[in-house]
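Novice: Given these sequences and hints, build the entire structure.
Each protein sequence line maps, in turn, to chains A and B.
This note's numbering numbers the first residue of the first sequence as 788 and each following residue consecutively.
This note's numbering numbers the first residue of the second sequence as 4 and each following residue consecutively.
Be careful, since some hints might not be right.
[Stated by the list, open to error] Restraint-style ranges between C-beta atoms, simulated for each label pair:
no., chain 1, residue 1, chain 2, residue 2, range
1, B, I240, A, H1042, 54 to 60 Å
2, B, I29, A, G994, 40 to 46 Å
3, A, F985, B, L41, 40 to 46 Å
4, A, M991, B, G65, 50 to 56 Å
5, B, P120, A, I1006, 51 to 57 Å
6, A, R1044, B, G121, 32 to 38 Å
7, A, L996, B, K166, 31 to 37 Å
8, B, N278, A, V836, 31 to 37 Å
9, A, I1047, B, K166, 25 to 31 Å
Derived from the structure by calculation, the hints contain no laboratory data.
Here the structure is a predicted model, which means the values were calculated and not measured.
Where is the CB? At the ideal position from N, CA and C, for every residue including glycine.
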Amino acid sequence: VKAIELKDNKGTRPLDFSVRCDRFWVDFYENGSPKTYRSDLSFIRDGRVIQKGAALVNHPITFENLRFYQSSYERSPNNKAALSYSRGGVKKEIGVAKGDVFELAADNATADVLRVEENMMEMGPAVKLRIHATQGHVDFWVFKHLEEIKAMNPMLLASMPLFDPGRFKPYVFRLNGVDNKYRTGLQVVSDPGLPMIFTGGFLMLAGLLIVFFMSHFRIWIGIDRAQGKTRIRIADRSAGKKWITERDIRLLLSHLRQEIK
Amino acid sequence: MSYAILFGWATFIYFAAFVFYLFRIIINKDLWGRLATLTVCLGIVVHAAAFLLRWKVSYDLGIGHIPLSNFYESLTFFAWAIAVFYVLIEWRNPQKVIGAFVMPFSFLSMAYASLVPGMNTDIQPLVPALQSNWLTTHVVSCFLGYAGFTIAFGCALIFFVKKMGSNHPTASSQTENPWKTHLPSFDTLDMLIYQSTALGFVLLTVGIMTGSVWAHYAWGTYWSWDPKETWSLITWIIYAIMLHTRLVRGWHLKRMAALTIIGFASVLFTYLGVNYLPGLHSYLK
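Specialist: Next up, the structure:
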């Protein structure tokens, strides 16, 4: 990537370096919830890799005053499927994506790749093909885990010819796998005001602590004894409201009375 | 012993403490008050043991994290925070009666956590958005703040219970309910409301700040007007108004108690109501 798109459609800003995503992956826990989103990035200037590192959710990577966040990802719509087919004893392997057309030259037929699914109806990777031959066309799915699907549903091919990878005779297709391509979405933030914000935050907290937890009034208590009696005098000086002081003195007096009792 | 059993015991002990505090008010024997305080302390210890055990079990499961990550865990922590906050207040200010108005919240929070259908009480792995050291600071300070507001709310309830009837010119001290005379004085309630609200306010401020710093670190923005953020700001403003009117305008007693109740309603909405709105904090599925 050589430029970044600015927020609120303010155009793009070119970068004087480029960013390459070497690898992106998603990990899942056993219960299916996501565990990690991670992009391995390389920062390149003048053709040289200057810095390498990973951007994870909650763990951005900093490069020259810019922070790169793992913000989103999506599956690439063009997944590649590894197909193989055999005719007689001859086996061939090809890699195809949705929309590709390949020729089955021996029979003067062509095959359209209609769909490439990473997980078709919870039954695993599958590819849908349409074979055009001289006598018309025929559609069918090629599932990677056909054996397991058949084991669960023995009558499958008889009732659903669409699931038969050998529907176009004499070919038999096999799907070896679909590789998922992901695209990673990165967010870039430049934040020169960070020290200011932290200073502001600490000042605010300090202010709150001073307002709420430091004493704003003083109280003097004098005890003296005259003619066999004890006299307690209370005086105060406060910056606050008069009623607060009054209340506190009332509370103090009631405590004192209880203690004396 | 499993942590679930310990959580169950803590729930029961909090309820027992509430009953003892009620006895303290009605019978007016200090024995009940001391028993109640001991019971709350026992509840706190048992609950802390359950918390630590759940923490340990999560590591045994290989998904170790502090048990503060979902709605169930937050409710139980809320109950614990209320009990701890209350014991501190009682230690500073030996007014046993307040416990009867505060401990029900501990108990209810625990009961809600274990009784509400669909509550996921399992230890779940942390999704990437929560995998951060900020989680602990943010959640602990927010919930200690909520606990402070809960105590203030309890005091405001006592205030209005005491106020009820006592304004009647005909009601002399003889005809009044005798147990009402055991309630703390208006001055004490006013002071407790102010103290716990001020402490709760500072903790909520810390909670919002740590949340904002975390958001900046995790998503690159300090504030994104997610419903929880908006409502926490509303709550913060209500309590800020309350503290200002007190310190600047000198509002006290009844007005303070009324504002405390409004503030607590806002806390409840921030905590529970917002879960029904979509957003970053919607940990209720």
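Novice: Hints first: check each against the structure and report whether it holds.
Specialist: Quick rundown of the hints versus the structure:
1. B:I240 / A:H1042: 54 to 60 Å: Violated, at about 35 Å.
2. B:I29 / A:G994: 40 to 46 Å: holds (44 Å)
3. A:F985 / B:L41: 40 to 46 Å: Given about 44 Å between the Cβ atoms, the range holds.
4. A:M991 / B:G65: 50 to 56 Å: violated (41 Å)
5. B:P120 / A:I1006: 51 to 57 Å: Check passed, 55 Å falls within 51 to 57 Å.
6. A:R1044 / B:G121: 32 to 38 Å: violated (55 Å)
7. A:L996 / B:K166: 31 to 37 Å: holds (33 Å)
8. B:N278 / A:V836: 31 to 37 Å: For V836 of chain A against N278 of chain B, whose Cβ atoms are near 46 Å apart, the range 31 to 37 Å is violated.
9. A:I1047 / B:K166: 25 to 31 Å: holds (29 Å)
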